[in-house]
Every structure is written in structure tokens, then in C-alpha cells.
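Undergrad: Sequence:
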Amino acid sequence: MGFFNSGTGNFGIGNSGEFNTGIANSGMANSGVFNSGVLNTGWANAGSYNSGGFNAGSLNTGSFNPGHTNTGSYNTGDLNTGYANTGDLNTGAFNSGDANNGLFWRGQGQGLMQADYTLNIPPIPLTLGASGILKLPITGNITGLSVNPFTIHGDTTTGIPLNVTFTLLGHTGGTSVFVGIPKTDLGFTVNVPQLPVSILVDVNDSISSITTPRIRINTFDFHDFVVGGDTTSLVANVGGTVGGVSVPVFHFPAAPGFGNTTDAPSSGFFNSGEGSASGFGNIGKTVSGFWNNGSLASGYKNVGGLLSGLTNMGESLSGAGNTNVLGLVTSGVGNAGENLSGLFFSGAGVSVFNAGLADVGTGNVGLGNVGSW
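So the sequence shown is numbered by this note's numbering: it starts at 1371 and just counts up by one.
Keep in mind the hints are simulated off the structure, nothing from the lab.
Glycine residues also receive a C-beta, built at the ideal position from the N, C-alpha and C atoms.
It cannot be assumed that every hint is accurate.
Here are the in silico distance ranges between beta carbons for each label pair [said to hold, decoys possible]:
| no. | residue 1 | residue 2 | range |
| --- | --- | --- | --- |
| 1 | Phe1374 | Leu1698 | 24 to 30 Å |
| 2 | Ser1516 | Asp1600 | 37 to 43 Å |
| 3 | Ile1512 | Gly1599 | 19 to 25 Å |
| 4 | Asn1511 | Ile1491 | 54 to 60 Å |
| 5 | Pro1552 | Ser1576 | 54 to 60 Å |
| 6 | Asp1633 | Pro1493 | 35 to 41 Å |
| 7 | Met1371 | Tyr1487 | 58 to 64 Å |
Could you build the full structure based on these sequences and the hints that come with them?
TA: In C-alpha cells form, the structure reads like this:
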């Protein structure tokens, strides 16, 4: 529909591609002018899924980005939020390094911020005291004990055999004996040397059996037995501490961007989900722009995948306010369905658009029309 379109399903002027809405688009499902890529919203995009103009890369929100998944302009790197970044994953401008926050960084991981807040509760001293009167009456008994007679005897009922053999070894002491002749002055001394003595003792006898009498310990009874008394006090004191406790409130590690909680690194502000994103408040994977929720998308508040533009919901959409279910390409504004281009179509050749006042029907231009086209 339009003028000088040579492609298929185009709406506009001079489109040679398929399902484009606009002017001179040679790609597929673009909304805008002079787009040669796929599913772009804007102008002169050679890449795909861009929202903006003159993007040679893909999935950019902005203009003049040779890189991919950037939010901003003139970025030759990837996943940047800002302007003229030649590195990757930067949030800022003119960064030639990677994963930096700020301006003119040439290194890696510069200007990153981190924050920790932990609530520490110190140990609390605790002292417990108790006192009272100890008066413990005890009543009861200890059962008596009897040990019956028992006999210690030999192998049978005989006495206890006693067989002992030992040898006593020793010697006598040496001595000198003086022998004198009476009534003369003559005499002599006889030296008796030590004499060895060996005595063999062999005992072969028995001891009669030993029988013990019956042993009995009578029962012990406790009557009116009291531990303590009316004036016996018992005091117990326990001292110690409770805690302390450390409660982590939040932890933001050093990472590219500000407030991102994505699984994979992202640039920008407050992005979440799988990551590899740039921009502001996006949820999902490989997303640029503002508050998109999905994957492989650029632009503003889109929901789904393979999207560019504004407030689209579905798959493979460019433009603004389009929806679909099956994921077949659609471009334009306000379309609902598959393989559509143009403005406010709800199916092939079925438009819900009127330009004017008091029109009843669809596809009317002017005032007071009743019917369609």
C-alpha cells in the first residue's frame, strides 16, 4: 500500500523490502526511512533491531553506533550506556577501556562503586540471680544386703594343696680360734674360714577348706532426715552475654553501571535479569534502551523479543504500539496481528484507522463518513 513499493507487504513510498512501513526501506519489517536491516525503528539503520538512526550495529537505542547493544550514540564498542565509548561495558563517555564508569577512562574497571551495609548488634550482658531457703526432707531406706556362706577349697572338696620347694643358700662367717696350753705361755690361733651352707626345703602339704560365715548388712532407714533448715539459704548467680549478631542489610559489589542486578555484566542503571544489557531499568537479556522487558530488544517499554521502537508487545515487531501472538514480523503503528505494515491494522487489509471527525467505519479520511474507505 502506497507508492513505488517493489517489495512485499510494504506500506509507504519506495520500499523494496518486505513488510516495511515508511520510505525507501530495503530491509524487512522496518518502521522508518532508509533502513536496510531488519526490524529497525528509525532511519538509515544498516544493522537490525535498532531504535534510532544510522546504526551499523544491532540492538542499539540511539544513533551512529557501529557497536552492538548500546544505549546512546557514537559508540564503537558494545554494551555501553553513554556516548563515544570505544571500549565495552562502559557507563559514561569517551572511555577507551572496558567496564568503566565515568569519563575518559583508558583502563579496566575504573570508577566502579560498591556499597555494604551491615547491622551489628553487640553482645548484651546478662546476669541472672536466684535465692531461697534450702530445707530438703528425705524419707526412705537402703535395702539390706546378705552374702551367703561360701567355701574356698581345692580342685574338688578337699583342702587347698600347698606344694612349695625352695633352697636356702648361705655361708657361715669366718672366725679365729686361739688354742692355749694351760700353765704355759704356749698357744696358737686357728683360723676357721667361711663355710658354704645349702638347705633344701620341700613342703608338700595342704590347708583345709576355708568357709566364710553368712554376712548380712541390715536395712538403713531414713526418718525425719532433713538437709538444710529454716535458716539455710541457697543463692545461685549466672552471668554471661547474649549475641552479638551481624545482619547484612544490603551488598552492592563493584560492577559496571549503577544499581544493576543482572546475572551477566551490564552497563547503565538499575537493569535486572539475565543481563548483557545497557540503558535504564531494563529486565531481560541483551536489551538496550529504557524499561524494556524481554530479550533482543531496543527502544522504550517494549515487552517480548526481537523488538525495536516503543511500547510493542510480542515478537518480531518494530514501530510503536504493535502487538502479535505468533511472532510473524510486523511494522508500523498500532497494528494487531501477523505480517502487517502500516497504521492501525487488525489483519490483512483490515484497518481500524480514521482520519477526521464523526466517521463510522474504518479507513476514512474527512468528516461524517459512514462506511469504510
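Undergrad: So, for every hint listed, does it hold in this structure?
TA: Evaluated hints:
| no. | hint | in the structure |
| --- | --- | --- |
| 1 | Phe1374 to Leu1698: 24 to 30 Å | holds (25 Å) |
| 2 | Ser1516 to Asp1600: 37 to 43 Å | holds (40 Å) |
| 3 | Ile1512 to Gly1599: 19 to 25 Å | holds (23 Å) |
| 4 | Asn1511 to Ile1491: 54 to 60 Å | holds (56 Å) |
| 5 | Pro1552 to Ser1576: 54 to 60 Å | holds (58 Å) |
| 6 | Asp1633 to Pro1493: 35 to 41 Å | holds (38 Å) |
| 7 | Met1371 to Tyr1487: 58 to 64 Å | holds (59 Å) |
When each numbered hint is compared with the structure, no violation occurs for any of them.
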